[in-house]
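> Sequence:
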Amino acid sequence: MNADPGQGQMWTEKHRPRKVEEMVGNEDSRAMFLRWLREWTPGARPALLLGPPGTGKTTLVHAAAGELGYEVLELNASDYRTKDALERRLKPAMGGVTVLGSPVLIFLDEVDGLYSRADYGGAEYLLELASSTKVPLAMAANWDDASHMPELEKASLVIRFRRVPARLMELYLKHLLRLEGVSLSDDVLRAAVRYSRGDVRAAVNSLEAAAYAGSLGSGYRDLRLTLRDAITAAAYSRSAEAAYARLRQADAQPADKIRAAYASLAMSSLGNADPERAARAFRHLSDADVLYGRIIRTRNWGLLRYLDYALAQALAGTFVAYSEYDSPYDISSRAWSEGRVLGKLIPQLAHSLHMSSGEFAAFALDAFVLWASGNEALVGRLAQIIGEDPESLMRVIESERARLLGEEAGARQRAGAADRGEAGRRAARRGSRREGRSGRAASGAGVRRRHRGSGASRTDDSFLAIPSKYSHLCLPPSTTTDPPTIT
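My numbering applies: residue 1 is where the sequence shown begins, and numbers increase by one.
Hints are supplied without guarantee of correctness; some may be wrong.
Below, simulated DSS-like cross-link-like pairs (lysine-lysine); rule was C-alpha separation at most 27 Å, straight line [stated by the list, open to error]:
1) K154 <-> K91
2) K134 <-> K154
3) K83 <-> K14
Simulated from the structure, these hints should not be mistaken for laboratory data.
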């Protein structure tokens, strides 16, 4: 029997342990943290939880706090780079209790990120906090080596986490299947255990996907690392080989890996701390970018494995923190020009949707590109808002669309045709403007476009239901009776 996808909560949330005893693996570490929190008194050392993602660090903090009556104030330390930002966010909790009288536990995740940005003052403030806080302070870092932050390690009670052993993981997954009333083959279950590499969260996500589909599907996609985890893991790897293995697990497009690696290196203090290492990192990053351009031109996708290795050489041992690329751009000159435009467009659209730029780039940009491609009215309005030339913005959108649909060569042909027909389009737009708003309002529900080389047409709204807040950016499209088709 398969699980019902309509039940609502994802399994990782539905079955998240609420008590420490319900967790799996790292028994000694769990007992040590629970004892620390139970016996905590003002002036006691903070707890520093070290270990890979998915081993239960965050779950343990929340479960132990719940058992002992604490309210958790959780922050991602990488999001608060400066002393002032950290102090402003934490100051309200320094009284020790909430407005309802519950004691407070401060939990700072990814504190290792502060140490790649030491010039911002966040690391120094964290040390001050560790020695003077009047409330329990728990911190977590993604890897078990704290040698790059020795002062914090010395000032803290270090609790180390290991990846969950395969046998324990298999027993836990079988327990979840019984709770859900789901049957899966032993082969699928063992594959989930094997490919999760001791990461409970990844294993549960994949098990849920397999329960819906009846198998793990192609590539074990849900067992792979997020881009944030992959970049962080690569940066904290001691060898290029280990970094390469992590990057190969990344659930991200090659261009996104390059952008994220560039942003993470550029936002770090590596250039000040170790200029020679920074120079080597950017040299390897440049090699990766050149190689990616060659892959796109020749369509030789087998070269992608070498791209990951070049990125691994760039990141391994740098200990930089993952950074959201607020202005996602490629490093080569042609792509940089496109990225400059996207860097202005993405924040504008993200703000309208109440999303961060990183969230929009990750989850909504592709759909927006497909929806906006060829919609000159929409692109013209957006170009006016961000202060760009409409033709430049349209070329960028068409280039991104070609990347998504694997039509790079076709995109170049369309870009050339767009340049040659620029005068004609401008004349057409002048004629359209003279028709006035009444003519536009009568134009119906979908702009009809016919794809090069096919007889299929589609409506522009077949990819994304744009919220009403975008309605002022585009003209009402014309009606069409053709079914939406992607070629």
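> Work down the list of hints and note, for each, if the structure agrees.
Here is how each hint holds up against the structure:
1. Restraint check for K154 and K91: satisfied, since their Cα atoms lie roughly 24 Å apart, inside the 27 Å limit.
2. For the given pair, K134 sits about 19 Å from K154 by alpha-carbon distance, which is consistent with the 27 Å threshold.
3. About 36 Å separates the Cα atoms of K83 and K14, which puts this hinted pair outside 27 Å; it is violated.
Checked against the numbered hints above, the structure violates only hint 3.
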